[in-house]
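Colleague: Build out the structure end to end from the sequences listed, making use of the hints.
Those protein sequences? They're chains A and B, same order as listed.
Sequence positions in the first sequence follow my numbering and run 8 to 386.
Sequence positions in the second sequence follow my numbering and run 1141 to 1446.
Hints listed in this document are in silico derivations from the structure and should not be mistaken for laboratory results.
Among the clues, some could well be false.
Said to hold, decoys possible - List time: in silico BS3-like cross-link candidates among lysine-lysine, alpha-carbon distance up to 30 Å: (1) K181/A - K243/A; (2) K110/A - K367/A; (3) K200/A - K1398/B; (4) K244/A - K181/A; (5) K367/A - K222/A; (6) K245/A - K1222/B; (7) K244/A - K1398/B; (8) K1222/B - K244/A; (9) K375/A - K110/A; (10) K1398/B - K183/A; (11) K367/A - K1222/B; (12) K1398/B - K221/A; (13) K375/A - K1222/B; (14) K181/A - K200/A; (15) K1398/B - K243/A; (16) K222/A - K1398/B; (17) K245/A - K1398/B; (18) K183/A - K244/A; (19) K362/A - K221/A; (20) K243/A - K200/A; (21) K1398/B - K375/A; (22) K1222/B - K110/A; (23) K132/A - K110/A; (24) K1398/B - K181/A; (25) K367/A - K132/A; (26) K243/A - K1222/B.
Since this is a predicted model, take the numbers as computed values, not measurements.
Letter by letter, the chains look like this.
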Amino acid sequence: MSEPDRVSVAFIWDTDSPLFSRRTFMRTMAFASAAGFVAACGGSSTKSGSSGTPTTSKPEAKQLNFYNWTDYIANDTIPNFQKQTGIHVTYDNYSSNDQLFNKLTVGNTGYDIVVPTDNVLVKMKHGNLLEQIDLSKIPNVVNLDPRFRNAAYDPGNQYSIPWQWGTTGLGFDKTKVGGEVTDWDAFNLPAVKGKSSYLDEARDAFGMALFALKKDPNSTNDADLDQAKDYLIELKKKIQSITSDYQDPLKNGTLLLSHAYSGDVFQIQADNPHIEYVIPASGGFSWVDSMAIPKGAPHPNNAMQFMNYILEPKVGAALTNYVSYGSPNKAATPYIDKTIIDNPLIYPSADVLAKLPFQKDIGEDEQKINDRWTEVKTA
Amino acid sequence: LSVTEAEPRTESHSEPQPRPAKRRRMPDWLAGNLLLLPTSIWFFFLMIIPIAIIVAYSLGQRSIYDPVRFSWGHLVWSNYSKALNPDFLPIFIRSIVYAGVATFLCVLLGFPLAYWIARFSGRYRTVLIVLVIIPFLTSYLIRMYAWQFILQPNGLLNSALGNLGLGSNHQFLNTHFAVILGLTYGFLPFMVLPLYASIERMDTSLVEASYDLGHGKASTLFRVTIPTVSPGLVAGILLVFIPAVGDFITPALLGGVKTQMFGTVVADQFESSQNWPLGSAMSILLTGFILIGVFVYLWRVGEEAL
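Modeller: This is the structure we're talking about:
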């Protein structure tokens, strides 16, 4: 396979295996400086503060600067796009939403496409960090599952085209947990005491607590949040760590049970077949990572061309077959591996789906959660 | 010092020095300041301004949509009272203890090493010093990941112990031991290098004199060697303790919920808790406390020790 020369940074670390987390936190930070350097090079043609709307069709350089999660793309996605369009793609990686958000806040990054998760997308929208998308340039948008056409985080796809989606639940080693894992109360299993973890993301952790307490997972009610806080502090006594970097520990037995993102767990199954994922009976959050164009992106038209390309059925299918997350691309379904389509953990039934809401935009009320989160972390 | 002072005097004795030709010379104060200029610029832009920004952040209003909203008309002093919340105290104390123990272990390990390299390693001295420095060529983060592989349940250490018949089921990760080990390992070179420099310059005849005058080995070590190399020791202690107390990578990678350090709390405010003003206030306070501690320490050990 001939790799194009500009697709460099990701492959230094990725090799050909999909076996690293798209959210592996610290590890990619080691390369963040390298990525930043490439970004600076890639973005050098950026005119700072250019306020031209993406719809103006001035000629653009054949260049696209793409900032995506680690290990979150098929090997041929970018090479095929480059072959088809002659547009050079510079591909850089990040490993947490915070890293991406902080970077965009600070200013002109030179990136044309970023892939924030829905709750962060909402923040970026409010913070005026994104360009609006011209859907007339993305005819393939009709291929999207209706669930993603009018979702609460971005009704009508004004700012985002979904990339992949998944759920938040529990990953565990079925041979060692010593019991059935069906719901959030699995943390009480004696065998997992001191060998479990929950996510180092305020909204996800509070969501878990609220689901477990049978409350509205998007609640902003102070009493609910206090209860959730107490739940998390109590739970902290039983676990080993609060971390989003759980993939390796789960794989090698340091952790037996982890609050986890679905696709992360499917990826480590290949290495350790004892690992399983479950959508908790009380429910869990769905999440979707979406492509969006940062304010002042130098090549918005190329970005939209790329979005349209991703929505092609076969391209979307190849992506999903590689990363094992759900595809928002309904037209891609016939080309997706049967093992993925038939897996109720990736494509849940309608009644399970009903218990898998997206995180709602709760505005400045998020501070309530963040404050309590600090209390949880330092308790 | 004595040599450089002596030189011109001997010269002036041997020949009547010709007065330097009268030419326009830069006054000393100007030359001195000009030489300081590059460092001052560096210091101003990469030290003073960033700290000023953190101070400004620490007085800002937080928001979900932009990390900080700062305005002169609305300085938010409450960030500081929040940062002084007694709930953080146990974590703060834990950081001090971890860093303190790690510093102590660095002295214990680094002193004999530096002493041996400086005095007895002969022609291998340079090679050995380079070996001390080599880990720096790899990112600290990656080295901590390497320790994860060593310490994890099915890792190198457990399998080595298993092969020795000592059991292979020990819990190393997520313990106080792991974090202190990581800090000690990570910062040991900062102890070895200044100690080495001091010991190498030490006049070894002092040690012989001490023996001649009837001191034993221990007594010579504590009354002659250590006082002589104390500048290196003080520098090493500061160079290890200060970064160790604010570290957040080591506890994040080698520790668990019960081993978090203050640096972790600060880092959290910039990431999952999204409260930059509070995080900034915390780091200003931490910096302040450490500065006070350092001043007190230097005052106790005597400034000339540096």
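Colleague: Please go over all the hints and tell whether each is borne out by the structure.
Modeller: Hints and how they fare:
1. Between K181/A and K243/A, the direct Cα distance comes to roughly 22 Å. Compliance with the 30 Å bound is thereby established for this hinted pair.
2. In summary, the hint linking K110/A to K367/A is supported, as the alpha carbons are separated by about 23 Å, within the 30 Å threshold.
3. Taking the CA atoms of K200/A and K1398/B, the gap is near 14 Å; set against the 30 Å cutoff, the hint holds.
4. The hinted pair formed by K244/A and K181/A meets the criterion: a straight-line CA distance of about 22 Å does not exceed 30 Å.
5. Taking the CA atoms of K367/A and K222/A, the gap is near 14 Å; set against the 30 Å cutoff, the hint holds.
6. Only pairs whose Cα atoms come within 30 Å are accepted, and K245/A paired with K1222/B is accepted, the gap being roughly 28 Å.
7. Restraint check for K244/A and K1398/B: the C-alpha separation of about 9 Å stays at or below 30 Å, so the hint holds.
8. Only pairs whose Cα atoms come within 30 Å are accepted, and K1222/B paired with K244/A is accepted, the gap being roughly 25 Å.
9. Proposed proximity of K375/A and K110/A is supported: the alpha carbons are some 24 Å apart, at most 30 Å.
10. Taking the CA atoms of K1398/B and K183/A, the gap is near 23 Å; set against the 30 Å cutoff, the hint holds.
11. In summary, the hint linking K367/A to K1222/B is supported, as the alpha carbons are separated by about 28 Å, within the 30 Å threshold.
12. A distance of roughly 28 Å separates the Cα atoms of K1398/B and K221/A; the hinted pair therefore holds under the 30 Å criterion.
13. Distance hint between K375/A and K1222/B is fulfilled; the C-alpha atoms sit about 15 Å from each other, no more than 30 Å.
14. This hinted pair checks out: K181/A and K200/A have alpha carbons roughly 15 Å apart, not beyond 30 Å.
15. Between the alpha carbons of K1398/B and K243/A the distance comes to roughly 9 Å, so the proposed pair stays at or under 30 Å and holds.
16. Of the pairs offered as hints, the one joining K222/A and K1398/B holds, with about 28 Å between alpha carbons and a cut-off of 30 Å not exceeded.
17. With a C-alpha separation of about 11 Å, the suggested pair K245/A and K1398/B falls inside the 30 Å cut-off, and the hint holds.
18. Taking the CA atoms of K183/A and K244/A, the gap is about 20 Å. The hint holds against a cut of 30 Å.
19. Taken as a hint, the K362/A and K221/A pair is honoured in the structure, with Cα atoms around 11 Å apart against an allowance of 30 Å.
20. Of the supplied pair hints, the one linking K243/A and K200/A holds, its CA atoms being roughly 10 Å apart against a limit of 30 Å.
21. Taken as a hint, the K1398/B and K375/A pair is honoured in the structure, with Cα atoms around 24 Å apart against an allowance of 30 Å.
22. Between K1222/B and K110/A, the direct Cα distance comes to roughly 26 Å. Compliance with the 30 Å bound is thereby established for this hinted pair.
23. With a C-alpha separation of about 15 Å, the suggested pair K132/A and K110/A falls inside the 30 Å cut-off, and the hint holds.
24. Our distance criterion of 30 Å between C-alpha atoms is met by K1398/B and K181/A, whose separation comes to about 26 Å.
25. A C-alpha spacing of about 14 Å is found between K367/A and K132/A, which places the hinted pair at or below 30 Å, so the restraint holds.
26. Between the alpha carbons of K243/A and K1222/B the distance comes to roughly 23 Å, so the proposed pair stays at or under 30 Å and holds.
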